[in-house]
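Chemist: Take the given structure of chain A and dock chain B to it, following the hints.
There are 2 protein chains.
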Amino acid sequence: LVNEQIDQFRAEFLEMHPYDQAKIFEEQDEEIRFLIYTYLSPEEMAEVMENVDFELVSTFITEMVPAYAAKVLEDMSTDDAVDILNELDKNKVASFLTIMEKEEAEEIKELLHYEEKTAGSIMTTEFVVIQETMTVKEAMRHLRKEAPEAETIYYLYVIDVDKKLVGVISLRDLIIAEGDFLILDVMSERVVSVPVGEDQEDIARMMRDYDFLALPVVDFQNHLLGIITVDDIMDVMEEEANDDYSKLAGISELEKEGETAFSSAKKRLPWLVILLFLGMFTASIIGRFEETLDKVALLAVFIPLIAGMAGNTGTQALAVAVRNISTGDSGKRSNFSIIKQEAKTGLITGTICGILITLIIAFWYEDIYLGILVGLSIMATLIVATTAGAFVPLIMHRLKIDPAVASGPFITTLNDIISILIYFGLATAFMNFLI
Amino acid sequence: LVNEQIDQFRAEFLEMHPYDQAKIFEEQDEEIRFLIYTYLSPEEMAEVMENVDFELVSTFITEMVPAYAAKVLEDMSTDDAVDILNELDKNKVASFLTIMEKEEAEEIKELLHYEEKTAGSIMTTEFVVIQETMTVKEAMRHLRKEAPEAETIYYLYVIDVDKKLVGVISLRDLIIAEGDFLILDVMSERVVSVPVGEDQEDIARMMRDYDFLALPVVDFQNHLLGIITVDDIMDVMEEEANDDYSKLAGISELEKEGETAFSSAKKRLPWLVILLFLGMFTASIIGRFEETLDKVALLAVFIPLIAGMAGNTGTQALAVAVRNISTGDSGKRSNFSIIKQEAKTGLITGTICGILITLIIAFWYEDIYLGILVGLSIMATLIVATTAGAFVPLIMHRLKIDPAVASGPFITTLNDIISILIYFGLATAFMNFLI
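Going down the list, the sequences are from chains A and B. Its first residue numbered 1, the first sequence is counted upward by one per residue in the working numbering. Its first residue numbered 1, the second sequence is counted upward by one per residue in the working numbering.
It should be emphasised that the hints constitute simulated quantities derived from the structure, not laboratory data. Check the hints yourself; a few may be wrong.
Pairs involving identical chains hold if they fit within one copy or between any two copies, as the list cannot separate such chains.
DSBU-like mimics (lysine-lysine), calculated; alpha carbons at most 30 Å apart, straight line [as the list claims (entries may be wrong)]:
no., residue 1, residue 2
1, Lys117, Lys23
2, Lys266, Lys340
3, Lys267, Lys340
4, Lys102, Lys90
Nothing here was measured: the structure is a model prediction, and the numbers come from that model.
Just chain A, with the same shape it has in the complex (with noise of 0.2 Å):
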């Protein structure tokens, strides 16, 4: 390409927002791509690369020239370069390390260090700190200095002299004071903090409950160490919904737009498997059972409304206490007064669908012993199934075992397995009536 059309190139492309320019980005192939590492500088690729999907980052961060990549990263939000940095396998890392400035490399360090998906992974270090001795005047001119590099300037944090958090001062409220006050006087000392290794679920809580646009982090001697900005929360957000429902669907990740159907399959084939041998169990279970089967045939017309039955209510009460455990609201109550409230709820609502399905039966098939007998076994099922499904991952959060085993497939298996107890077992004691 001659230099008018790099020229016409940049200037089309850098209008527009970096969302949309790296939406444009992602879409090229390689050799285009390689044409634009050379056309934008590393500062405007890596505003590129901050909004391109998390998932072909690495891809592109791996095939620049390692210079150009360990200054694109130099360039990005430290938060971004350290996720980004996360995915890459260890050398390759060290490497970009060495290449980069020193002072950026050491804080890109510090920040590898943390856990994920805690306060100190998601935190950056590119905020505005100020001190409580500063004038309204001073903060300002402080303020317009630090403008361009930080990632949020509407809430400046106050530090005393052992560099320890004292205060917040939100940007409005340092505008409208005058200029002569001590920040110290005009500061909120209420001030909100989260420790570097608090969960990114409870963080995006507390910001959602009380409409924070950036949350301090600090260490245990609260020593400000960075800050955690919405816009980073709105992902975490995304992520951990996304997290439980897939959960609840049984698929190990959600696919994204475009993914081959073999990778698909690849997703979904762990669940299907465990389900068919949980499956074979259950099919073992049923055929104890023959000999009642033989003698009366109809009763497994109503297998599938059984565990059906119990697989829905399961499933049901799953979701309300998985929500309930991830957005905090479980911790107040103890967990026996849940179990007892999910018993009382699949009371109700077996006792109600035990006596519909009763006379249903009783009328269409003129067998009013088979209507009590699938109207019972209902009516036990959903109050068993309703009370496991909110029982397995409380529990299971309690023992700090991850809930994900408890999904949505498994609790339906479960209960499946459960219901056909109830019912052939029910079949069996009252054969007498049937035959």
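Modeler: What follows is chain B alone, placed relative to chain A:
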């Protein structure tokens, strides 16, 4: 209470963050609440009400003395006040509006007209607007005056003489800019706005992707009507995620902490009763194959296995499709290519699970024909059920029908029926090999 105690209550209560005030307020009984109404000014109470659980707030507003309630509503953000008024009955709303200050009442009346879940219904009218002909200094002065009232001051929207939106400048850029420059010269003309009828889910997606803290809302002539701030969007994201989640689980609405078993049961029963009838339909289909069942009772053993696999693969496909629809990823591909992809995924998972189950049954039950029958059924079922899971919500979405109808339990039951038809159909056809 004597005056001293009131002062102490006020001092302690008002020191807290409004969110914490709200949580404490919610827990008080009626008597105490009535006392608090007399202790706090309407303005102070407005802050509490903005943070109270949305389902409780209309109760509180209704129990206040009308004149006090009207003042509280007046002092709340217009968008929050409108949300509450939308929940009350029309006479109540009209009476509040007549007591309110005329200007505020007019603003609220206008907002009440916008449809739920659109930009108009979540926007606020308290924003800072500046003229393009102002200087930076004048704009700052204007800002200082408006700041206490505005919902956000971090983006300033610029209008021309016709009051049309022509640009935006962030407070960050305004602070850095030279005082004598015209706004016209320092603002960004690349202002992204949304039409007043835009769906809130689309707006949330935009804010998340573009990392905006606020978005201007315009009418079709590009007049600035209001702004939407990121804290409202976080609530929208939470709401939409809960919505998708509940649909997948088959509950009409997620239950809150502290709900009675009765109200939980009421929310879950509709789906359970629908499923009961769908289950009876499934039962009657199996009933048609009673002859087949009578001959080979062993067939019944695998009903839950096959129906379970069908239900789960359908839920997986449904979850992917629904999430892609609601994150806007599905727009780029044609229906046909999505369905084709799902069918392929089903073919892969179906073939693998089918072969697996054939082998297991052939060895376990020492019956190769039964193994082949179940294996073929699983394979056919997984292909059809996977495709159906994606097909149903996609078609509903394109037909502009609310995909709520295609929620988890519905797809599961539909796939139960499909799988049973396939299984017994094949069994009846190959009966000679089975007996």
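Chemist: Please sort Lys266 with Lys340 into within, between, both or neither, judging by C-alpha distance up to 30 Å.
Modeler: Between copies only: 17 Å across chains, 39 Å inside a chain, cut-off 30 Å.
Chemist: At most 30 Å between CA atoms: does that hold for Lys267 and Lys340 within a copy, between copies, both, or neither?
Modeler: Between copies, since 18 Å is at most 30 Å while 36 Å is not.
Chemist: Tell me, please, which holds for Lys102 and Lys90 at an alpha-carbon limit of 30 Å: within, between, both or neither?
Modeler: within (18 Å within a copy, 65 Å between copies)
Chemist: Between the shortest in-copy and the shortest cross-copy C-alpha distance, which are at most 30 Å for Lys117 and Lys23: within, between, both, or neither?
Modeler: Classified as both; 26 Å inside a copy, 27 Å across copies.
In the structure shown, no violation is registered for any of the earlier numbered hints.
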